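Q: Sequence:
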Amino acid sequence: MVLREICGLQAQLMSAAGLGLRVRSAGLNAGTVRHALNQDRSIVRTWLMRGTLHLVAADDLGWLLSLLGPIFASGSEARHAQLGLDRDLKLRGVDTIRRTLKDTGPLTRYELVDELQRRGIRLDPKSQAPIHLIRFAALQGVLCLGPDRENREPTYVLIDDWIGQPSSPSGEPSLGELARRYFAAYGPATAEDLASWSGLPLSQARSAVALAMPALAELTIRGQSGFLLKGRLPRSRPPAPANPAVRLLPAFDTYLLGYRNRELTIPRPPLRRRLQRGGGWLHPAVIVNGRAVGAWRLAGAGPRQELRIEPFEKLSRAVQAGIEAEARDISRFLDFPLETKIAEPA
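So for the sequence shown, this note's numbering puts the first residue at 56; every next one is plus one.
Some hints could be false.
To be verified - Taking lysine to any residue and the SDA-like style, the derived pairs with C-alpha atoms no more than 20 angstroms apart in a straight line are:
| id | residue 1 | residue 2 |
| --- | --- | --- |
| 1 | Lys285 | Met268 |
| 2 | Lys145 | Ser97 |
| 3 | Lys145 | Lys181 |
| 4 | Lys285 | Thr275 |
| 5 | Lys157 | Gly82 |
| 6 | Lys369 | Gly355 |
| 7 | Lys396 | Trp336 |
| 8 | Lys145 | Val212 |
As the list claims (entries may be wrong) - Here are the simulated distance ranges between beta carbons:
| id | residue 1 | residue 2 | range |
| --- | --- | --- | --- |
| 9 | Ala401 | Met268 | 39 to 49 angstroms |
| 10 | Arg372 | Ser182 | 32 to 42 angstroms |
| 11 | Phe391 | Thr275 | 42 to 52 angstroms |
| 12 | Arg204 | Pro180 | 33 to 43 angstroms |
| 13 | Arg153 | Lys369 | 54 to 64 angstroms |
| 14 | Lys369 | Asp215 | 49 to 59 angstroms |
| 15 | Glu318 | Ala265 | 48 to 58 angstroms |
| 16 | Asn344 | Gly139 | 35 to 45 angstroms |
| 17 | Ser97 | Asp158 | 50 to 60 angstroms |
| 18 | Gly278 | Leu257 | 16 to 26 angstroms |
| 19 | Ala401 | Ile276 | 44 to 54 angstroms |
Keep in mind that the hints were calculated from the coordinates and are not lab data.
Quick caveat, the model's predicted, so the values are computed rather than measured.
Cβ coordinates follow ideal geometry from the N, Cα and C atoms, glycine included.
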């Protein structure tokens with residue numbers, strides 16, 4: 056499974072996470088992803104790497120939560136204090152969430168907050184306190200996101216009810232496994248990159264590298280040293296100009312989030328600013344031979360949507376053909392027609 060190989064995909068936008076699976080697989084479609092999430096329950100959406108929402112394989116949820124949950128739960132204490140979420144309120148709140156979802160099954164955020172109020176957990180529904188309490192419960196291994204309602208509003212469910220009690224080995228085995236999977240998917244990379252991608256403290260990321268070292272090889276590219284899984288050396292030559300590797304990556308794609316800096320993937324600062332326009336937003340990117348050469352977006356509604364390409368440089372015919380092929384596959388994945396429009400470089 057793709058998610059197991061890369062440990063997960065950022066999923067604050069579920070549509071972007073689905074497109075992230077598309078670009079790493081063959082033949083997958085949006086309906087298959089929804090089925091795996093809501094019926095098979097083989098993938099789960101919850102807060103993990105960097106403390107943000109991710110899609111992960113259900114089999115990986117237990118050990119990832121055991122490893123990362125305490126880091127982000129404790130790292131949010133200052134914000135919790137600002138919101139009036141003291142230790143007693145959080146403990147009572149999590150216990151009440153557990154009992155409520157056991158009684159009711161899936162609830163939306165607003166339904167859950169109403170139930171908490173009714174059961175004595177007083178939170179300002181207009182503040183960020185409710186979502187921080189829900190996130191805290193998720194990091195404690197109590198809940199995850201469940202099936203969306205018909206209006207696409209997400210619900211929350213008890214993990215134990217949704218996928219059963221996940222196995223949760225912790226400590227060195229989990230730390231080493233995280234590093235091995237990271238370097239298999241992102242290598243060559245460094246301990247600093249692992250820390251940035253996962254949210255581990257740097258000291259812990261370095262310990263993870265040491266644990267994984269028997270499985271790693273060191274490689275230097277353009278004067279920068281990094282580690283990758285043994286047997287996964289990158290190709291020594293880039294693809295020929297007539298056959299470039301073109302990918303349309305969605306917003307918040309893990310390929311661009313997987314490293315401490317993005318000098319190799321987005322080499323020029325002005326281009327980084329065009330893809331990272333503040334507020335933590337990372338725009339969909341056109342990637343050619345591993346390097347960002349433009350941005351893209353879907354525009355319009357209903358059956359007349361457009362896939363608009365905003366290139367940073369003049370694109371060769373071969374690259375444009377690769378973009379058209381990717382656009383056709385996105386259309387297949389989403390199951391509606393798309394018209395591709397490539398703007399002049401800006």
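Q: Name the hints, by number, that the structure is in violation of.
A: Hints 2, 5, 6, 7, 10, 12, 15, 16, 17 and 19 not satisfied by this model.
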